[in-house]
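S.K.: Residues per chain, in single letters:
4 protein chains.
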Amino acid sequence: MHKLRMGIVGGGKGAFIGAVHRIAATMDGRAELVAGCMSSDPARARESGRESPWNLPEDRNYGTWQEMLERELARPTGEGPDARIDFVSVVTPNHAHAPIAGGFARAGFHVVCDKPLCMNSAEARDLAAAQKQGGGVFAVTYNYSGYPMVKQARHMVAQGELGEIRKVIVEYNQGWLASKLEDSGQKQADWRTDPKRAGIGGAIGDIGSHAEHLLRYITGLEITEICADLTSFVPGRALDDDANLLLRLSNGARGLLYCSQVCIGGENDLRIRVWGTKAGLEWRQEEPNALCFRVDGKPEQILRRGNAYLCPAAQAATRIPAGHPEAFIEAFANVYRGAFEAMGKAQSSKFKAQSGGPGKGGGAGGAGGLGSAAAASSALDYPTLEDGARGVHFIQKTVESSQSERKWTELSPNDHGNEHRKLGSKP
Amino acid sequence: MHKLRMGIVGGGKGAFIGAVHRIAATMDGRAELVAGCMSSDPARARESGRESPWNLPEDRNYGTWQEMLERELARPTGEGPDARIDFVSVVTPNHAHAPIAGGFARAGFHVVCDKPLCMNSAEARDLAAAQKQGGGVFAVTYNYSGYPMVKQARHMVAQGELGEIRKVIVEYNQGWLASKLEDSGQKQADWRTDPKRAGIGGAIGDIGSHAEHLLRYITGLEITEICADLTSFVPGRALDDDANLLLRLSNGARGLLYCSQVCIGGENDLRIRVWGTKAGLEWRQEEPNALCFRVDGKPEQILRRGNAYLCPAAQAATRIPAGHPEAFIEAFANVYRGAFEAMGKAQSSKFKAQSGGPGKGGGAGGAGGLGSAAAASSALDYPTLEDGARGVHFIQKTVESSQSERKWTELSPNDHGNEHRKLGSKP
Amino acid sequence: MHKLRMGIVGGGKGAFIGAVHRIAATMDGRAELVAGCMSSDPARARESGRESPWNLPEDRNYGTWQEMLERELARPTGEGPDARIDFVSVVTPNHAHAPIAGGFARAGFHVVCDKPLCMNSAEARDLAAAQKQGGGVFAVTYNYSGYPMVKQARHMVAQGELGEIRKVIVEYNQGWLASKLEDSGQKQADWRTDPKRAGIGGAIGDIGSHAEHLLRYITGLEITEICADLTSFVPGRALDDDANLLLRLSNGARGLLYCSQVCIGGENDLRIRVWGTKAGLEWRQEEPNALCFRVDGKPEQILRRGNAYLCPAAQAATRIPAGHPEAFIEAFANVYRGAFEAMGKAQSSKFKAQSGGPGKGGGAGGAGGLGSAAAASSALDYPTLEDGARGVHFIQKTVESSQSERKWTELSPNDHGNEHRKLGSKP
Amino acid sequence: MHKLRMGIVGGGKGAFIGAVHRIAATMDGRAELVAGCMSSDPARARESGRESPWNLPEDRNYGTWQEMLERELARPTGEGPDARIDFVSVVTPNHAHAPIAGGFARAGFHVVCDKPLCMNSAEARDLAAAQKQGGGVFAVTYNYSGYPMVKQARHMVAQGELGEIRKVIVEYNQGWLASKLEDSGQKQADWRTDPKRAGIGGAIGDIGSHAEHLLRYITGLEITEICADLTSFVPGRALDDDANLLLRLSNGARGLLYCSQVCIGGENDLRIRVWGTKAGLEWRQEEPNALCFRVDGKPEQILRRGNAYLCPAAQAATRIPAGHPEAFIEAFANVYRGAFEAMGKAQSSKFKAQSGGPGKGGGAGGAGGLGSAAAASSALDYPTLEDGARGVHFIQKTVESSQSERKWTELSPNDHGNEHRKLGSKP
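Protein chains in written order, with the numbering used here: chain L, 1 to 427; chain F, 1 to 427; chain S, 1 to 427; chain Z, 1 to 427.
Hints are not guaranteed to be accurate.
[Stated by the list, open to error] Below, a list of computed lysine to aspartate or glutamate pairs in the EDC-like style, where the Cα atoms sit at most 20 Å apart: (1) K278/S <-> D296/Z; (2) K298/F <-> E341/L; (3) K3/L <-> E410/L; (4) K298/F <-> D296/Z; (5) K397/L <-> E410/L.
[Stated by the list, open to error] Quick list of simulated restraints, FRET-style, between CB atoms: (6) Q186/F <-> A122/L: 50 to 60 Å; (7) S121/F <-> Q159/S: 49 to 59 Å; (8) K13/Z <-> S404/S: 46 to 56 Å; (9) P76/Z <-> G14/L: 37 to 47 Å; (10) G344/Z <-> A122/L: 42 to 52 Å; (11) N120/L <-> E164/F: 30 to 40 Å; (12) G344/Z <-> P42/L: 26 to 36 Å; (13) R125/F <-> W408/L: 29 to 39 Å; (14) Y309/Z <-> K187/L: 18 to 28 Å; (15) E70/Z <-> R284/L: 44 to 54 Å; (16) D41/S <-> T77/F: 47 to 57 Å; (17) A122/L <-> K426/F: 57 to 67 Å; (18) W408/L <-> Y309/S: 55 to 65 Å.
The set of hints was computed from the structure by calculation and includes no laboratory data.
Where a beta carbon is used, it is the ideal one built from N, C-alpha and C, also for glycine.
Okay, chain L solo, but in the shape it has when bound (with noise of 0.2 Å):
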C-alpha cells in the first residue's frame, strides 16, 4: 500500500498538539505529511510550514484552509507523494473545526479532528451531513482509549471479568490554569478559557469531554442521566475551571465525573476507576503502562503493558517490549493506527466504520453513518464522528444541568426495557 498523504490544518507555532499529530500520524511508516496550512493568519501560516519540523513543500504551504481544500482537490489521485492528499488533520481551536472538517469531509477527504468536535449539536449534524456525502473516514482524536492498557481495560470489562458494572469513578485534574495564565499571553491558555473560540465549556469541554469518552469506552455504557456542577474559581473567567456531576448510567450504575483546571499539582491525571459485581480496575494515564485489577478475595494484579496475558487489542496496540515505556504520542500513534486501516478498507472496498464506541448495532456502519460499532473481530477500532457527536452533546447538557434547579438533567434516553436497569435501588 502506498504511504497515505497527510494534509495538516493548524498546529502552528505555540501549539502543542499539531506536533503530536505529525509524529503520531507517521511513527509506523503509514503516512508522509505533504501539506499544511499552519494558522488562521496566511503569513504566519506559510512561516511556520516553512520551518523545522514541518518543512512542507512551498507549493503546499498553503495561507488558507480554503486554498488548500481547493488545490489539493486539484491534484491527481494515485500513488506518490504528490498526488492529493488522502486525508486531513485538523488540529485548530474548536470553533473551525466545524467549517473546516466539515469542507474537507463533504469534498470526499479522510477527516481526523481534534476533540471537542464542534461548537454544538446542529454542527455535529452538519459534520454526519457532510461526511456522509462525501463517503470518508472521520475519526476524533479521542487519544486516551489508543493506551494499550485501556483497551485491556475494555476487553475486561466486555469479556465479563468484572461482572455487572456498579460504579464508576472518572477524574481529570489539572492545575495549569489556577491563576489568570490567559492574561500572559499563552496562547493554549488563550483560546481555551475564550468561549467564541472554545465553546460553551471551558474545563468540561476540554478535558471532562476526554473523561466521557473514555468512561464510554472502557465499560461500554451510556451516561443517561447527569447532575452538574459548574465553577469558575478564577476571577473574570468566562468558561468553567471546575466541573463536578453525579453520573446514571444505561444498565443503573451509578458514577461520577469530574474535572478541573484549577488542581494545583495536577498535571494530566486522568484517572478511571470501575466496579463490577466480580472486581474491579483503575487506570491512571500519568502512569499507562499498567492497569489494576482487583477480584473480591484475592490479592490486587498490577497488569503491565507489553505482556503476553494481554488481550490481543492491546498487544496489537504496543510497539515495544515490556519495561520499555510507551506512552502518549504512542497511544495517539494507535488512534491514526485505527483510523488508516478504516482509510485503507475504504478506499479498497466498501467502507464499515469502526468505532471504540458503545453502539451496538453492527449495521449502524456505511460510509456516511455514524455508526459507532465495536468491531470485535479487530484489534483495531478509533473513534468515530458518532461519539465526537456525543461528546459535544454531553457538554452541552452539563452546562444545562449546572444551570438548572433540578437534580437530573437526561444525556441520553435510556433503555427501560432493559433488566439491567434494575441495578440498584433507592436505600
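Given the structure of chain L, go ahead and fit chains F, S and Z onto it with the hints provided.
M.R.: Relative to chain L, chains F, S and Z alone:
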C-alpha cells in the same frame, strides 16, 4: 497523676473495634481497664469479660450497662484501681450509643463514644443535655483525625499554605459488602446493614461520616449544601451501600464526598485531596505516614511522619522515629490522648472543651457545652460531642437529599456576609 | 493464665526502643510491667522509673540491674503482680547485653534481648551456657520478622512458590547519620558510633544484622560466603556507616546485602527482594502491609495484610482488618507474642524452643538448647539466642572480610554434598 | 538544513531495536530513511526492506552491508533524498558492530551504533582509528542517557546540589531469560546468549553496560575498581545471566552495580540511586517522568518532566507538556537529536565531539578524537565512541574480576592526587 480507670461497654466476641479501644486507651500508660460490660447479652458479656485480653475482675465484669453504671457509682472516687471508673468507652452498635453514653455522661462520667454518635439529631440533643448536666468530657472517636499527617494537613491549611480553599475531594471506598455478607452471620456486616441498629445510613453513616469529619477537621470549613445520590446495590439490602455527593462549602469552595462498601478491592481506602489558590495536598489512610503537598510551579513534596519539619501537633502525635511506621492503632490512641488531657484538666479545674472541629468560638467551651473550639495553643485535640452531632445531622440531610428531586439541600446556615462566599462563580 | 510479669533494663530518658518494648509486650494483655532498672546511672534510673509512662512501683524501681536481679529473686514465684518477674527485657546499649541478659538467664528468668545479641562470639557462647543453665526462654528482638507479610513471604518460599531461590537482595538504608550527629549529644547516635558500647560494627551491626536475619528468616538459607566493603564516610567516625556485601548462600544462590546510615532521605528503608526459578517477591518495611509477588508470565500480585488468602502465620500475626494499617509496634508485639507462647509452654512443661530461623533440627530444642527450629505446626515463632549468635558471627566476619584482600570470606560451613550447591555456575 | 539521509544495517524481521531506531531518528523531522541492509542474510534482508514500515526504495534495499557501503559511496553528496546517505545506524548483533561501523566510519559516514560498541578493546581501538580517518560523528546509543530526568539528575550532581557523592547504586533487573528461552528460537534470546555474537558478557554486556554508562553520565565519576561475581543460573547457558559488583569510584565513593536477566517480574527495571553529602536522588526507567530528590532534613521532592523548574537540558529533551508522559522512544530520539546536532556542525565546519560522558578535556574533541567532553554550553549531547570504548573495557574487566580470587580489579587509573580520594575511610 493516677492512671485513669477505664470501663468499656461493648466489644465482646466477634467485635473488632473493642480491642482497638483497649489498646489505644492503654498504650501510653495513662489508663487501665478495670470494668466492662462486653455484650448486650449478659451471659455472653460475662464470658467475654473473663477471657484474655479482657481479664476483667470478676466483680466488675458486668452483665448489663445499667448494672455497671449503678455499681460503679457506688464505688468511691479517688486513686487506685479499685475506685470508680473515670471514663467509659461506648463501643456498641449505633442504636445503643445514646442510652448508654447518655446514662454515663449524665452521671458525671467522662465518655468516649464511637461514631456515628447516635441515631438522629434528637438523640444528639439529649446527649448534649446529659453531658451538660454531668459536666464530664465527651469524645467521639473520629479516629482518622488522630493521624499525625492529618494534623499536619490541618496545620498547613490553617497557616494559609494552600491559600483560599477551592476544592475538596474526600472519598472512602471499601469492598467488603460487595456481596450479601450479612446473610453469613458475620457480626460486623449484620448490624451495619440493619436500620434498627445502624440507623438510617448504611455506608454514609458507617464511613461517610468519617469522611465528613475529616473534611471539616482538615479544612476548617463547613459543608453548607449537598446533593446526594444514595444507592443500595446488593439486592435485599435495606441501607445504602454506595453514596455520591456534590458539596458546597462555607467559603464557596466546591467538593465531592463519596463512599462505598461495594468497591471491590477497596479495603479501607479513605483519601482526601484539598486544593487552594496556592497549593494542594493529598492524604491516604492506607499509607498514613506520608502527606503529599504540591505548590504551584514547584516539585511535589512528600512530607513524612516523624520529621522535625512537621508542626508541633504532628510531632506530638508521633511515638517513634521516622521510617518506623505508625498506623491505625496509634492514631486511635491519639484521640484518647487528647481526651485524657481534657479529662485531666476537667478534674483539676474547670473543663474547657478542646476540639479538632472547625468551630469558631472560644466561648463555646464550658463543661457542658457543645463547643468545638480549635485550641491553637495545644498540640492535643479530640473530636467533641458537637462534632458527633454535626455528623448525625449530615447523615440525616444526606438521606433527605437523596430522596429529593431538588438539586441542593441546605446543611448548615451559610455565612452570607462572608466575602469568601464570593469564591467561585457560575460560568 | 496469669499475666506475665515484665521487668525492663534500660529504656530511660532519651531512649527510643524502651517505649516500643513496653507497648509491644503489653499490647495483647498478656504481660504487665512491674519492675525495672531504667538506666546505668542509678539516680537517672530511679527518676525515669517514677515518670509516666513507666510508673514503676517504688520498691521495684531499681538503681542497678544487679540489685534488680537479687531482689526479684528474693520474691516468691506464683501468681499476682507482686510475685517475681517472669521475664526481663534487656534494652540497653549493646555492650551491656551479655552481662545483664546472662545474669538473668542463668538465674532462670526468661529473657528478651535487643539485637545485636552481644559484642562477640565468645559472649554469645557464654549466653548460651547461661540459658542452658537457667532453662528459660531467650528471645532476640529481630523485630522485622514479626511483620505479617514477612511471615507470608517466608511461607511462600517454604511452600516452594518461588521454586529454587537464585538471588536475594536485602538492603537497609538510613540517612540519619549522614553528618556527625554524635557530636550534638544525641543519645541514639552517641552510643551507636562508639566502639566501646556498640561493638565492632557500626551500620553493619545496628541495621545490617537486621538485614541478615530477615534474609535467613524469609529464605531459610544460610549465608556461606561474603565479600564485604565497609566504609566510614563521616570524618572522625570510628565505625562503619556504610556497608556493601556480595553474598553466596547455602544452596548456591547469589545475593547482595547492603546498608548505610549516610543515605540521605532513607528513613528506615529496609527492603528485601527474593527471586527463584518460578517467581519473585519484594517487601518494604516502610509500607509493611503489602507484599509484591511476581510469577513468571503472569500479572504482578500485591498481597495485603488482613486478607483470608494469607497463610495462618500471617493471619495470626494480624490484629485488625485489612486496610486498617498495622505497623512497627504491632510487628514488635508479634515477637513478644511468640516468646510468650514459648514461656507459657516452658512453664507448664518441658520447653521447646521455637524459632523463625532456618535451623533444620527438630531436636535442636530443649530447655537450654540453641535450637533454632522452625515450628511448622505453629503460627507463632520468635528469634532465638542461636539467631542472635549467628548475627554476631556475621558482624565479625563482615569486619574481617572488609579488612581482607581475599575476595571471599567463609561464614558458615557449606553443605557441599547438597545438590542445590550446583545451582549457578561460573559463566 | 536538508533532512539527514539515514541508512540502517540490521533490524529486520524478529528484531526489536531496529524499529526503535527508525522512529527515534525520524521523529523530529530531521532525518529520513533512504537505504538499508536489513539482515545478514541477503534474501531476508531484501524481503524485510520491501515491507512496511521500511518501504526501502528497491535500488537502496541492499543484500549486504558491503554492497550498501560501495553503492552509497558511488552516489553524489549534496541535497535531496537521492544523494548519498549522511549516516548509518548499526543495529546488528554485537559481533557485527566493529566491521560494519568501522567500514562506514572509515569511509567518512557518520555512524550511530548500538551498544555494547564491539567485542573487545582491540576492536574499540580499530573503531577509533576508523573514525579518526573518516572524520565523521560516531554516536553510541546508550539511550537511557536521553531521558529528560536523567539529564536533570546529571545537572543536579554537576551543580553540587548533592554535595560530594558518597554512594551510588545502579541496578538493572530483567526476568525474561529466567528459563532457557534461547532454545525456543526466540531471536532476541538466541544471539544474546551466544558468545560468538554477544561477546564475553551476557547480562553484564547487554544491560550491565547501560548501567555503567548511566552511572558515569549522571555522576561524572569513573569506576576505578570493581569486585565482580558473575553467574550463569540457567543450566546450559554459556554466558552470565546475573552479575553483582562492588564498586569504587574516582572520588573515593563506594557503589554497587548489579544486573540480572533471571529476576522474574523484572521487565526493564533500570534504577539508579545517588547519595552525596547534602542530598540524594533516585530515578527509575520504568517511570521515567519522575525524579526523586531528597535533601537532608527536608521533605522528599518529586520532580517531573515538562516543568519550568527543570534545567535547560531536561527541558530541551522534552517534546510535550508535563503530565503527558514521554517514554523510551522519545529518550532514544534525544540521543539522535544530539548526534544530529553534531553532524550538522561537522558538515558546516570543523566537528567537535560533544558527549554526555564525564570526560574532562575540552581538547579531547576534534574530528577523529575519542573525546568525551561534556558540553556545558549546549543542552544537547550524545554518547561518544569513547563512552562505548569504556563500556567494552568495563565488560572485559568485570569478567576478569569474576574469575579472579583477588578482591579488587583496577578498572581505570585513579587520580591519586585528587583530594576527593580521601573520601571515606576504612573503619
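S.K.: All hints are to be evaluated individually against the structure, with a verdict given for each.
M.R.: Hints, one by one, checked against the model:
no.	hint	in the structure
1	K278/S <-> D296/Z	violated, 40 Å
2	K298/F <-> E341/L	violated, 43 Å
3	K3/L <-> E410/L	violated, 45 Å
4	K298/F <-> D296/Z	holds, 18 Å
5	K397/L <-> E410/L	holds, 8 Å
6	Q186/F <-> A122/L: 50 to 60 Å	holds, 56 Å
7	S121/F <-> Q159/S: 49 to 59 Å	holds, 55 Å
8	K13/Z <-> S404/S: 46 to 56 Å	holds, 52 Å
9	P76/Z <-> G14/L: 37 to 47 Å	holds, 39 Å
10	G344/Z <-> A122/L: 42 to 52 Å	holds, 51 Å
11	N120/L <-> E164/F: 30 to 40 Å	holds, 34 Å
12	G344/Z <-> P42/L: 26 to 36 Å	holds, 31 Å
13	R125/F <-> W408/L: 29 to 39 Å	holds, 34 Å
14	Y309/Z <-> K187/L: 18 to 28 Å	holds, 21 Å
15	E70/Z <-> R284/L: 44 to 54 Å	holds, 52 Å
16	D41/S <-> T77/F: 47 to 57 Å	violated, 38 Å
17	A122/L <-> K426/F: 57 to 67 Å	violated, 24 Å
18	W408/L <-> Y309/S: 55 to 65 Å	violated, 41 Å
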